[in-house]
Amino acid sequence: MCGIAGIFGQGSREPVTSEQLEAMLATMPYRGPDARGVRVFDPGTGLGHLRLAILDLRPESNQPFEIDDGDLTITYNGEIFNYVELRAELEALGETFRTQSDTEVLLRAYRRWGFESLTKFNGMWAFAIYDRRRDVLFCARDRFGVKPFNYATHRGRFLFASEIKALLAVAPELAEPDYNSISRVLRASVGARCTSTCFVDVKRLPPAHAMTVTRQGVTIERYWNYATEVDHSLSFDDAAEQLQELLSDAVKLRMRSDVPVGLTLSGGVDSSALACMLRTFYEGPFDTFTAAYQGEPYDESPQAAKLAQSLGMRSNLIPARFDDFLPTLRQIVWHLETPIPSPAVFPLWNIDREARGKVTVLLEGQGADELLAGYSSNFLDAVLDRLFAGRIGGAMSELRWACQTLGPVSALLLAGRRLNPPLVHKAFRSWRGDERVYIGPLRDASESPDRQLSISGIGRLN
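According to this note's numbering, the sequence shown is numbered sequentially starting from 78.
No lab work stands behind these hints: they were computed from the structure.
Nothing here was measured: the structure is a model prediction, and the numbers come from that model.
Don't take every hint at face value.
With a cut-off of at most 30 Å between alpha-carbon atoms, the simulated DSSO-like pairs for lysine-lysine come out as follows [unchecked claim]: (1) Lys197 with Lys329; (2) Lys383 with Lys329; (3) Lys435 with Lys242; (4) Lys435 with Lys383.
Have a look at the derived ranges for each label pair, beta carbon to beta carbon [said to hold, decoys possible]: (5) Pro396 with Val336: 56 to 62 Å; (6) Ser419 with Gln293: 29 to 35 Å; (7) Ser310 with Tyr359: 33 to 39 Å; (8) Leu324 with Arg391: 19 to 25 Å.
The C-beta atom is built at its ideal place from N, Cα and C for all residues, glycine as well.
Full structure from sequences and hints, please.
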């Protein structure tokens, strides 16, 4: 990961200084151990960057990075995985390059295609481009919001950064808690809404959105959305083949790196599938990292180590002791800048700390349960799918499975919570005894649940 930060004046006469940008970067030095840079363009504009070098490790690729004698300058966190293909396309159109970085590909793609360049990127990113000729700041975040982009307007200045603490370094008044957002995390085990943070006046740029900042104001526009059409004629075998092709391509693209790459490996299907797929095209030395709960019934490290050995990979077992969780909690929250709804982050925290001594990039098998309806609470989607298709027998079969596996009370409550009527939601919380743990402002915070998207034909986001 890299770190980005910047200030763009919108009516304020206060000048932007390199000291202010350095103060923002100083709050998150771990994001950029390889290089740091700031650039002040005029009294009202400045960009800062912390670099973790992954592609083209030379100083020529450090940021803020500029082309056209500084008319376009970028600060960027992430990676454009298909930068090789995009570079070839741009070269065919007459573009010339001075580095081997994806940063330069991104910036020249923006110069060539403007807003439409975002639809060509395959990757994860959060960036800000200062267009000096137009006096505009253009910002964008990847489709799923993998990379963070926090921003605020304060005293006539637009501030942005990878982490909220960087904003607070130059605007400490922004540190006002948003108890509604904090409540949503603690009550429902979900993050703050797409645009909100745990601070009232600090916002997030939503996933799949771009932002144009001028001296007069801010415009936010979506550049990508989920498909609205579902191909019901696609067979299960064809769908499985397409998934395998897409997953294989994703792993290959993420192996493009000038630094060592590793994999977090559990005994589960998600990361095991990645490890096996990786070995179909990469035969070099490779490290896996696994949380080991020694002596616990849920310890998957023996299976993970066995798989790694069978694939010729080095297995690194990282002890996970939850006795150490509370002493580490304050540090974890400080980095994540949000309450932690589950202790599952703790073993991953330990893995990341240990892995950084051997690799710079970690692949992870996260998200398969969300994408492929792996949670038991998703049974309602299967029921609704069958009902809408007129398959009454199939719907009843799913309901019987839910009642047998989850129990009738849990199945009913999960279904009610999924549909989100306020009365059922409140009953669900009361049944769990949630209210007993809240004190102070959190007891009075908003209890309305976040709208949930259906796994069934994933709905478009407004």
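Hints versus structure:
Distance hint between Lys197 and Lys329 is fulfilled; the C-alpha atoms sit about 18 Å from each other, no more than 30 Å. At most 30 Å may separate the alpha-carbon atoms for a hinted pair to count; Lys383 and Lys329 meet this at roughly 24 Å. Only pairs whose Cα atoms come within 30 Å are accepted, and Lys435 paired with Lys242 is accepted, the gap being roughly 28 Å. The hinted pair formed by Lys435 and Lys383 meets the criterion: a straight-line CA distance of about 21 Å does not exceed 30 Å.
Between Pro396 and Val336 the C-beta distance comes to about 26 Å, which lies outside the given range of 56 to 62 Å. About 43 Å separates the C-beta atoms of Ser419 and Gln293, a value inconsistent with the hinted range of 29 to 35 Å. Between Ser310 and Tyr359, the C-beta spacing of about 35 Å keeps the proposed range 33 to 39 Å intact. Taken as a hint, the range 19 to 25 Å holds for the pair Leu324 and Arg391, whose Cβ atoms sit roughly 23 Å apart.
Of the numbered hints given earlier, the model fails hints 5, 6; all others are met.
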